[in-house]
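A.B. asks: Sequence:
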Amino acid sequence: MSRLLGYMCSDDSLTPYAMEEVRQQAWLDEANQPASLGFGWVQESRTLLRKHPSQSSEPVDVLGLLADIPARAIVGHMRENLDGAVDSLDLQPFRFRKWVYSQSGQVPRMEEFRDELVARTPDHIRRNIAGKTGAEVVFHRFYHWLKKTGALTPSRAQGRRAAQALAATVDELEEQAHSAGFEGPLSLDIVAATERLVVAARLGDPIHYRVFDGMEQPGEEPLFAGHRPKQIKHPHFKGVFLGSKLRPEADGWRELSERSVMWVDGSWEAKTATLEELLER
Numbered sequence: 001m002s003r004l005l006g007y008m009c010s011d012d013s014l015t016p017y018a019m020e021e022v023r024q025q026a027w028l029d030e031a032n033q034p035a036s037l038g039f040g041w042v043q044e045s046r047t048l049l050r051k052h053p054s055q056s057s058e059p060v061d062v063l064g065l066l067a068d069i070p071a072r073a074i075v076g077h078m079r080e081n082l083d084g085a086v087d088s089l090d091l092q093p094f095r096f097r098k099w100v101y102s103q104s105g106q107v108p109r110m111e112e113f114r115d116e117l118v119a120r121t122p123d124h125i126r127r128n129i130a131g132k133t134g135a136e137v138v139f140h141r142f143y144h145w146l147k148k149t150g151a152l153t154p155s156r157a158q159g160r161r162a163a164q165a166l167a168a169t170v171d172e173l174e175e176q177a178h179s180a181g182f183e184g185p186l187s188l189d190i191v192a193a194t195e196r197l198v199v200a201a202r203l204g205d206p207i208h209y210r211v212f213d214g215m216e217q218p219g220e221e222p223l224f225a226g227h228r229p230k231q232i233k234h235p236h237f238k239g240v241f242l243g244s245k246l247r248p249e250a251d252g253w254r255e256l257s258e259r260s261v262m263w264v265d266g267s268w269e270a271k272t273a274t275l276e277e278l279l280e281r
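At position 104 of the sequence shown the residue is numbered 104 (the UniProt record's numbering), and the sequence of numbers has no breaks.
To be clear, the hints were calculated from the coordinates, so they are not data collected in a lab. One thing to keep in mind: the hints can contain errors.
[Stated by the list, open to error] With a cut-off of at most 27 Å between alpha-carbon atoms, the simulated DSS-like pairs for lysine-lysine come out as follows:
#1 Lys271 to Lys98
#2 Lys147 to Lys271
#3 Lys148 to Lys132
#4 Lys230 to Lys98
#5 Lys132 to Lys98
#6 Lys148 to Lys98
#7 Lys147 to Lys132
#8 Lys98 to Lys51
#9 Lys245 to Lys271
#10 Lys271 to Lys148
#11 Lys148 to Lys51
#12 Lys271 to Lys230
#13 Lys51 to Lys245
#14 Lys271 to Lys238
Go ahead and model the full structure; you've got the sequences and the hints to work with.
C.D. replies: As structure tokens, this is what we get:
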């Protein structure tokens, strides 16, 4: 089992204050004890990864680690248990060119059609597959669909095209799993990001998200108990945070519907559509 998170903002210097709001409104303490942890982010047109293959039994400040990353588009993956040693190549997130990707849940019977998915992936994309996990193959199939839908080219339609690529990826996985004899629906969550765009799909655990419109930060440290420092306002700040297995306890949070995709682009408006709508069925 694992947890996912995604974050995008207009000013990463204010990320610590956004994460403090997430911590107070929706974060669960149990999420701070992952068996492994990884972040992927986009910085100056480059994708970077930071992976922690194993964590001690001591809690780790996941949101604090995210807040220290100087980037405006980030995905995270927290694995809740490890069965034996895991190669760092197989730990999430994954990256390719200007995209980073995380997934929770497994595709049933994928070992029966993994090789076929790899074979149908164009060679220049396939060469980037370095590990042995199905999730990495799914990411590269998603990248293939990004190219087919035109979502690799920045445009006003890029967000919806990326959502269509994610829907096409899921549709392909379901078709293959059903052909291999699996009869149920997939239980899978996905989050991916590039510059000025984050996209997520929910077929498994609940995903909640919040869009930030403006931010406030304390003008100084509290001088004594009960002291409330004057707030500095940043009305132009924009951002979005999403995650699986959150527990929102404040207004402003929304739950992504089952079998739906959400995306946020440079308009900073959260948009959603069902898989069927994106596949135009």
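A.B. asks: Hints first: check each against the structure and report whether it holds.
C.D. replies: The hints, checked one at a time:
no.: 1; hint: Lys271 to Lys98; in the structure: holds, 22 Å
no.: 2; hint: Lys147 to Lys271; in the structure: holds, 21 Å
no.: 3; hint: Lys148 to Lys132; in the structure: holds, 25 Å
no.: 4; hint: Lys230 to Lys98; in the structure: violated, 40 Å
no.: 5; hint: Lys132 to Lys98; in the structure: holds, 22 Å
no.: 6; hint: Lys148 to Lys98; in the structure: holds, 16 Å
no.: 7; hint: Lys147 to Lys132; in the structure: holds, 23 Å
no.: 8; hint: Lys98 to Lys51; in the structure: holds, 18 Å
no.: 9; hint: Lys245 to Lys271; in the structure: holds, 20 Å
no.: 10; hint: Lys271 to Lys148; in the structure: holds, 21 Å
no.: 11; hint: Lys148 to Lys51; in the structure: violated, 30 Å
no.: 12; hint: Lys271 to Lys230; in the structure: violated, 34 Å
no.: 13; hint: Lys51 to Lys245; in the structure: holds, 21 Å
no.: 14; hint: Lys271 to Lys238; in the structure: holds, 15 Å
In the structure shown, a violation is registered for the earlier hints numbered 4, 11 and 12, in ascending order.
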